[in-house]
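With the sequences and hints as input, model every part of the structure.
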Amino acid sequence: MIKNISNLGDAAVYCDFGLEVNETVNSNVIDYFNHLRHLVNQKKIQGINNLTPSYNKLIISFDLSVTNFSKLKKIIENLNIKKSIKKNNQKIKIPVCCDNKYGLDFDRLSSKLNLSKEEILNFFFDKEYFCYMTGFIAGMPFFGDLNEKIRFDRLETPRIKVPEGSVGITEQFTNIYTFESPGGWNIIGNTPKAVFQKLNLQDPALIKPGDKVSFYQISKEEHLKFND
Amino acid sequence: MTDTHFEILRSGINTTIQDAGRNHLYHIGITLSGAIDQRNYKLANNLVDNQLTEALIEFAYQGPLLKLKNGKINFAITGDIFFNIIRNNSKIEEGKCYQNYILNDGEQIDIISTKKSVYGYLSVSGGFKLEETWGSYSINTKAQIGPNDGKKYSINEKIFIKKSHIKNIKDKKINYKDSFDKIIRVIKGTNFDYFSNEAKIKFFNEDYLVTRLVDRMGMRLKGPNLKNIVNTNIKSEGLIKGTIQIPADGNPIILLSDHGTIGGYPKIAIVISADLDKVGQLTPGTKIKFQEVSLADAEKLFKNYLEKTNKYLNEYN
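Those protein sequence lines, which keep their order, are chains A and B.
Every position in the first sequence, counted from 1, becomes a number in this note's numbering once 1261 is added.
Every position in the second sequence, counted from 1, becomes a number in this note's numbering once 713 is added.
Worth flagging that the hints you see were computed from the coordinates, not collected in a lab.
This structure is a prediction, so every number in the text was calculated from the model and none was measured.
Mixed in with the good hints there might be a few duds.
[Stated by the list, open to error] Computed footprint of chain B on chain A, listed as stretches where at least three residues anywhere in the stretch have a Cβ under 8 Å from a Cβ of chain B:
#	region
1	1385 to 1397
2	1444 to 1453
[Said to hold, decoys possible] Dumping the calculated DSS-like pairs for lysine-lysine here, alpha-carbon to alpha-carbon at most 30 Å:
#	chain 1	residue 1	chain 2	residue 2
3	A	K1264	B	K780
4	B	K940	A	K1373
5	A	K1473	A	K1362
6	B	K901	A	K1332
7	B	K780	B	K886
8	B	K804	B	K886
9	B	K864	A	K1422
[Said to hold, decoys possible] Computed footprint of chain B on chain A, listed as stretches where at least three residues anywhere in the stretch have a Cβ under 8 Å from a Cβ of chain B:
#	region
10	1262 to 1271
11	1297 to 1311
12	1400 to 1414
13	1470 to 1483
Beta carbons are placed, not taken as given, at the ideal position from N, Cα and C, and that holds for glycine.
Written out as structure tokens, the structure reads:
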């Protein structure tokens, strides 16, 4: 449930679901998101511009010339959220090549975590992940939770350019860089699969909050030929 | 014979198409985009009798040199801009912002530079011939979305113009001048209490310098270091235009129209809606101060901002 609703500036509502990060809290955020999105699409609420669900927050930005914080707060407080009206439960498989050409941070991770590259990869591939949110850059999914043995901090100095397709890990999370972008996550591999397809206008983001994803390892050759 | 178009003889530093912005896609990481200075965007459209939501050309610092081909247009430029019109008889006419001009086939617009601001806007009667992506014509260069394959314009490219009647065009002029006020009004952010008392006092009392690290995504400031006493990272969450984040190095970043949709730096404050145009136009080297206002005051100030915008828009109607 929402623990607190406050204003973020004068044109956004900040719905706080607490500090915990787990599937239960996040599913609750996504339920609110889906419910509100439905109302916006049906034009039953005026003035909402964007809804941004994340691990444990939902931010609703709006057009201040149409509505305001107190009006929207009242609407949100009186919503009757049905659990999972339309639950995203796609299962998606993502190929990843972990050759050292793509896995840029194995040396750092091996020494810090005291694990060999093989051990890190065994822990990484041996799990199905839950998509908490997408964003930062177009279509970038954030998954959790990593095995506790392979959790580690971000790079002290972020990279100016992380290559497109890179698979990163940090803390309990893993992500995919859908575009070349600055970034501070530990890079363990690269996927040739297009996770964001701008030409697919109806549905450009392959992975959405609430989806389940599993990764499987491919060779350098398979990576090269994947899109042939 | 090809349609009426601009041929780009010089691209300028960051010449793109922008409009009111692209909404309803933050949840998949697609940001707002849109004109950084929404008031000047609307005024530009108003001067050539377009719908206020028509897409136009936004440029930054040095603008483009454009040659008109196969037609005659009515155009206007808004902002604080130094530009010339190169007529067919080679005569150079110094251009004035906030008024409309007729440009004949073969004539050129040379947008030399902005003066005390960063962005300017070029509108043409009838608008440009472009394809819409997700409800907007804005170019988002990061995700490569929008017209021109989502890229800023380069030399020798063409920008096509829709057919419009330019008979009986009336001269229009808006008596507008940007204020260039250096006080940025903000509402405290959700992580305001992450900062020491000393940092909170400094934030509202000392000058901040706009650095060279400015683009359509955001603006890095330099000033008194702000000590975070709780955590320099938060769990990533949604962002909006105008958010002021404080990363671990203690220097503020103000997010602008192409900002990342989520992020994990604490939010010390949010620029009020009435001051967003002003913030976007701040040039590197400018010193600014932050001033706290309440939500109720911010809402009133936005109403004033809209009324003032409408007053200029109605000047010639």
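Hints, one by one, checked against the model:
| no. | hint | in the structure |
| --- | --- | --- |
| 1 | 1385 to 1397 | holds (count 4) |
| 2 | 1444 to 1453 | violated (count 0) |
| 3 | A:K1264 / B:K780 | violated (58 Å) |
| 4 | B:K940 / A:K1373 | holds (28 Å) |
| 5 | A:K1473 / A:K1362 | holds (27 Å) |
| 6 | B:K901 / A:K1332 | holds (20 Å) |
| 7 | B:K780 / B:K886 | holds (24 Å) |
| 8 | B:K804 / B:K886 | holds (23 Å) |
| 9 | B:K864 / A:K1422 | holds (18 Å) |
| 10 | 1262 to 1271 | holds (count 5) |
| 11 | 1297 to 1311 | holds (count 4) |
| 12 | 1400 to 1414 | holds (count 3) |
| 13 | 1470 to 1483 | violated (count 1) |
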